[in-house]
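So the protein sequences, as listed, match chains A and B.
Read in order, the letters of the first sequence are residues -2 to 369 in the working numbering.
Read in order, the letters of the second sequence are residues 84 to 143 in the working numbering.
Hint data in this document are derived by calculation from the structure and do not stem from the laboratory.
There is no bait here: all hints are sound.
From the structure, some residues in chain B lie toward chain A, with a derived Cβ separation under 8 Å:
#, residue
1, 91
2, 94
3, 97
4, 99
5, 101
6, 114
7, 120
8, 126
9, 131
10, 132
11, 133
12, 134
13, 135
14, 140
Using C-beta positions, here's what the derived DEER-type ranges look like:
#, chain 1, residue 1, chain 2, residue 2, range
15, A, 7, B, 112, 18 to 24 Å
16, B, 110, A, 55, 39 to 45 Å
17, A, 293, B, 132, 48 to 54 Å
18, A, 180, B, 110, 45 to 51 Å
19, A, 168, B, 132, 22 to 28 Å
20, A, 164, B, 92, 50 to 56 Å
21, A, 7, B, 110, 20 to 26 Å
22, B, 121, A, 169, 40 to 46 Å
23, B, 95, A, 363, 18 to 24 Å
24, A, 4, B, 113, 25 to 31 Å
25, B, 95, A, 164, 48 to 54 Å
26, A, 190, B, 112, 50 to 56 Å
Even for Gly, the Cβ is constructed at its ideal location relative to N, Cα and C.
The residues making up each chain are set out below.
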Amino acid sequence: MLLRRLSILILLLGLTGFVFVMAGARAGFLVMIGLGFGLVLEGLRFGFAGPWRMIVTDRDGRGLIAQFIAIALVAALAFPLLAANPQELSGAHAPVGLAMILGAFVFGAAMQLVMGCGSGTLVNAGSGNLVGLLALFGFIAGSFAGSLHLGWWTGLGSLPVISFQGLFGAQAGLVVTLAGLAALIAVAALRAAPGKRMPPARLWWAAALIAALALANLVVAGQPWGIVYGLGLWGAKLAQAGGADLAGNAFWAASGNAERLAESILTDVTSLTSIGLLVGAFAVMRWRASPGDPAQPLRAGSYLAVIAAGLVLGYSARMAFGCNVGAFFSGISTGSLHGWVWLVAAFAGSTLGIRLRPLVLRAAPTSTQVSA
Amino acid sequence: MTQRFSTLPRPLVGSLALIALALILALDLARSGMPDLFTAPAPVALGSGEAPSGAHCSGG
Chain A
-2 MLLRRLSILI LLLGLTGFVF VMAGARAGFL VMIGLGFGLV LEGLRFGFAG PWRMIVTDRD
58 GRGLIAQFIA IALVAALAFP LLAANPQELS GAHAPVGLAM ILGAFVFGAA MQLVMGCGSG
118 TLVNAGSGNL VGLLALFGFI AGSFAGSLHL GWWTGLGSLP VISFQGLFGA QAGLVVTLAG
178 LAALIAVAAL RAAPGKRMPP ARLWWAAALI AALALANLVV AGQPWGIVYG LGLWGAKLAQ
238 AGGADLAGNA FWAASGNAER LAESILTDVT SLTSIGLLVG AFAVMRWRAS PGDPAQPLRA
298 GSYLAVIAAG LVLGYSARMA FGCNVGAFFS GISTGSLHGW VWLVAAFAGS TLGIRLRPLV
358 LRAAPTSTQV SA
Chain B
84 MTQRFSTLPR PLVGSLALIA LALILALDLA RSGMPDLFTA PAPVALGSGE APSGAHCSGG
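Just chain A, with the same shape it has in the complex (with noise of 0.2 Å):
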C-alpha cells in the first residue's frame, strides 16, 4: 500500500508540475485546484446530483444545505471582490432564456440517469465508475455539439443579462444573494425528516473547502469555476482532429473561443481544473485502503442509455449556459439571476429524471436468474 500511496503523490506531483513547465504558473495554479476540487469531492463525499435525490426520495437535506452553505460562503467574498476587481473578475452571468430553462429542466433528469452532474461525471469517471465513464464520453461529445447549436437555441428569446449587482448593486445584492439562499435553507430543513437537516462535520469541512478553492479559481483564473466549457472544448478538438472545420461555426468563431481553439487546452482554465478534478478522484480512490465495489452491473440497453443520458447531459448544459458548477453554484455565488432560474428548473428535471431512472438504468440479471 505504500508504493501504491507513493506512486499516486508521484502522480499529483508530476501532473502539476508537467502544467506549470509547460503552460505556466497559471496554468500550474489552475490545475493544483483541480486536483483539490477532486480530493474534496471524493474523499468527503461531497456532490450535487445525489443530495437532490437525497431530499426528495429520503427527506434528507444535509447535502443540499451543505450545498447552500458553500455556495453562501462564497458569494460572501465574491460579490466584494467582482465588485471592486472589475476589469480582473467577471461573474458567471448569463442570460435567462426559453433554451436556458428548457436545457436546465433537461439537465436536471439527465443528472440523475447518469448519477452524477457536471463535476459529479468527472469525479465518478477518475474514482472508476463505469457508468460516470461512458457518462463522460457522452458529456464532451454532447457539449461540443450544443455549442454548435447554440446561436440557434438563444435565439428562441432571452431576456438581457441580469444580475444582483445591476439590479441592487452589490452590497444589497449580496445581502439579497445570502437572504435567498437561507430561505433556501430553510426550505430543505423543513422538507427533511428530523435528524437529517444538520449537515455532519464532514460536509460542513466540504462546503468550507469547496467554497476556498471556488474562490481560487475566481482569484487565479479571473473568471469563476466552470466545467462545461472545457467539456466542449475537448470535444470540439476531437472533432478537429477527425476531419471537421469549426471555421464557420458562429460559436467557435467567435475570438475568445476561436483562440481557445487554436491553443492548447493547458490554455483553457476550465479544462485545467477539469483535468486536475478527475485526477484528484482517481487519487483518492487509489489512496483508500480499498477502492471500493465496482458500481451495480446494468443491462446492455442500460449502459447505452447512459451514454445518450450523458450527451444529453452535455448538450443541455451548453444550452442552458452551464451545469451545476458553472450555473447553479458560480451563477449564484456571483450575482447571476440565470443561477437561480437554472436552479428552479434543473430541480424540477431532477424530480422527473428519479422517477425515470428505474426505468433506464436496469440491473443485469444476477447468474442465478440467467440459468433460471
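Keeping the supplied structure of chain A fixed, place chain B upon it in accordance with the hints.
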C-alpha cells in the same frame, strides 16, 4: 458477458479514464503545439491588470 464487462474493478476503470484524458491531451499538444510561455498570463488574475479570457460556460 455484460456482467463481466460491468464488474470491471474501480482501479481499472479509473485508469481507463486517465488514459483517455492523456490521449486527448497528447492529441491536443500534437495538433496545437506547446503553449507559448512568453505569452502566458500573469500567475494570478487578481492584481494583474488583465481581463479574463471569457471562455466560460456562461458565455455564448
